[in-house]
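As given, the protein sequences belong to chains A and B, one line each in that order. So in UniProt numbering the end of the first sequence lands on 410, straight run, no missing numbers. So in UniProt numbering the end of the second sequence lands on 410, straight run, no missing numbers.
Everything labelled a hint here was simulated from the structure, so no lab data went into it. Bear in mind that the values here come from a model prediction, so they are computed numbers and not experimental data. Take these hints with a grain of salt, some might be off.
[To be verified] A few chain A residues facing chain B, derived, Cβ under 8 Å: (1) 104; (2) 265; (3) 271.
Think of the CB as a built atom: it goes at the ideal place given N, C-alpha and C, for glycine as much as any other residue.
There are 2 protein chains.
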Amino acid sequence: MKKFAFSKIGQKLTSSIIRELLKDVNVPGMISFGGGVPDPKTFPRYKLSEVAKDVLENEFAFSLQYGPTEGDDVLKEAYINFLKRNDNIEGLTKDNLLITVGSQSALYLLSTILLDSESKYFVSKPVYLGAASAFSMNSMNHIDLPLSEDGIDTDLLEEKLLELDKKGEISKVRFIYVIPNFHNPAGVTLNLERRKKIIELAEKYDLLIIEDDPYGDLRYEGEGFPSLFKMAGKNRVLLLRTFSKVLSPGMRLGFVIGHEILIRKLVMAKQAVDLCSPSLTQRIAGRFLEKYDLKELLKPTIEIYRKKKDLMLEELERNFADMEGVHWTRPQGGLFIWLTLPEGYDTMEMMASGKKNGVLFIPGSAFSIGGGCDNSMRLSFCLPSEENIIEGVKRLKKTVVEYGKEKGLL
Amino acid sequence: MKKFAFSKIGQKLTSSIIRELLKDVNVPGMISFGGGVPDPKTFPRYKLSEVAKDVLENEFAFSLQYGPTEGDDVLKEAYINFLKRNDNIEGLTKDNLLITVGSQSALYLLSTILLDSESKYFVSKPVYLGAASAFSMNSMNHIDLPLSEDGIDTDLLEEKLLELDKKGEISKVRFIYVIPNFHNPAGVTLNLERRKKIIELAEKYDLLIIEDDPYGDLRYEGEGFPSLFKMAGKNRVLLLRTFSKVLSPGMRLGFVIGHEILIRKLVMAKQAVDLCSPSLTQRIAGRFLEKYDLKELLKPTIEIYRKKKDLMLEELERNFADMEGVHWTRPQGGLFIWLTLPEGYDTMEMMASGKKNGVLFIPGSAFSIGGGCDNSMRLSFCLPSEENIIEGVKRLKKTVVEYGKEKGLL
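Can you build the whole structure from these sequences, using the hints too?
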């Protein structure tokens, strides 16, 4: 029927594989290491409720009304102060900040204003699926950079850039996309040397860096590195932040911090895409941030997650230390561990027996745009209880062993 | 600089003219007939505050967490009941409904899944600017249909369709976009005969109708007509509704009601565009709708707006009845009156003296994609006080007379 004739983009669209895979998450007895969602117990619900009452009853003329496309000035100011206090980022004005409907919207708006169908961009492999889906709406020409414990392979980045330059194609490259801290799905952190190298290369070829940092505030141990934005500034880096992992994903608040020229263009795109972010959730978050020290409030959350992360690492050690060729990342923060099995294991195929054994994980190929990562999986430790982490890793081991025997790999 | 190299869409983007024009809205003493925003006094702030407390404290595991891309089931169910009770729309399931970040997001998602750069679509002239900007992101090939007191010109629609069919271009037409009730900016309502005609033509050429109805619940007098969705069903019509004019725009809640094939595709696009709408505002609205009769609560709002509308019509009569060639629409609901001056008046040019005289309006050309409507303007009566409506129309008359004399039109 013609009335269901879709555009080229419309035809290409498919449902997120993760959302499909997680449909069984509510089956009774199922232990899920799947979703990357925070533990609801960490949401400061009573504090938010108190602030919400005030904002609804006394600031209704703002909080229930249309707001500026750029975002609520109260939240902007509070967030600029937050970045100054916690990240040593100085010199920002309101013109350097756009508030979006979560980071996904920021990624999508960036894709819209930066990418044509022939544009190229660098992403990690494995890649954050939300970024991949946003970027793919406008261009499929991603260039993969494998991840190691220290982040993306910057030697390869240098090589690829040189190659593109030689072919006269460097002007097609629109940005380098990095998740510097506790990468989703890999859990790894970009080290200082590589941060410097990326900036150096971006300077050399005059490229934009998109630094997506949803997890940086969830550091459980060790020392962090300065953000690329802090190191290279708004002329080189666009920083994405979000409240989804540190306050509440249900409020859908993402932040784009960058050069005013980029922010202004994003605002124009946002006018057409959703007009403005909800005034209500923005004003609640703004007043909340004025009133409370978010970093201080995060301490118990960090304590909860740190214990769960340590427990999962211990259980992986206990269950998989004897299996040759199995290794996993050891994140110092964030929500994810990336487990890699020997060649021959297909974690997508293993999903079915995982479900039968009562454990869910996300197969590695879900984080790979054009195939690959088949023998890896993403494990999230933040939502399951401690008992379920212990039991879940046991079930995972069982699933791996069953599969290995069935396929003659063990 | 290459790092600020924008995509073709990015380069094309400009700021909304209305947003630019309304920058002077806060100048002291200025009377604005400009913005199409509801009166904040009509927001049920205490009821919303009470519901918000409950939803935040007792339903935090949903309201502060990521939600399904499709929308909150509680709100979906409540809205399906609302449509059944108030619009006689039966037979809907949750698969026929998508909850978006306001109607703007719905329009944008539709544009994404339906329009390629060569696609054509029918819109009114003048056109709702938000729809025009969303559709233009993917295709500039709009076909204009002039508006009269009874809605878009359906004879011309028939003619144009016949013409396109003869040229073998009918397959390029993706939809007919209509605002059936109290059109923005024109204030007019599509009559029953024309509703039937549009459906007949859509059936004949197998076209989709997008029925955008933000204002239908704001009827101040007279009898309404059934919605095109009610008349022709989900196989032919996609219905857009919103809470922005009847509950709160700051909650950013839009509804797409239609065939499950279309809804599913919109959901896939939404995954890439913003992942999900805010759980918090959705759940608040859902519980609110379960608890209160929205139509009943709207009665005092309707009374306020009806009085303001009547007053503005009286004042226009008092001030402009003696001026030949000036006419205006007489809406039975909604937020807008469309005033047309004789040929030769350029309302965009008149903005400056309007501002000098202390009155703001939106020039007609702002609602025209490729020029036209120069001698018209949109007047909104819902936000100014009754005294300001009286004084504002006087200032408007003064502005018109000054301009007419200056240009030798009077």
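Now the hints, each set against the structure:
no. : hint : in the structure
1   : 104  : holds, 4 Å
2   : 265  : holds, 6 Å
3   : 271  : holds, 5 Å
Figure legend: structure checked against the earlier numbered hints; every hint is met.
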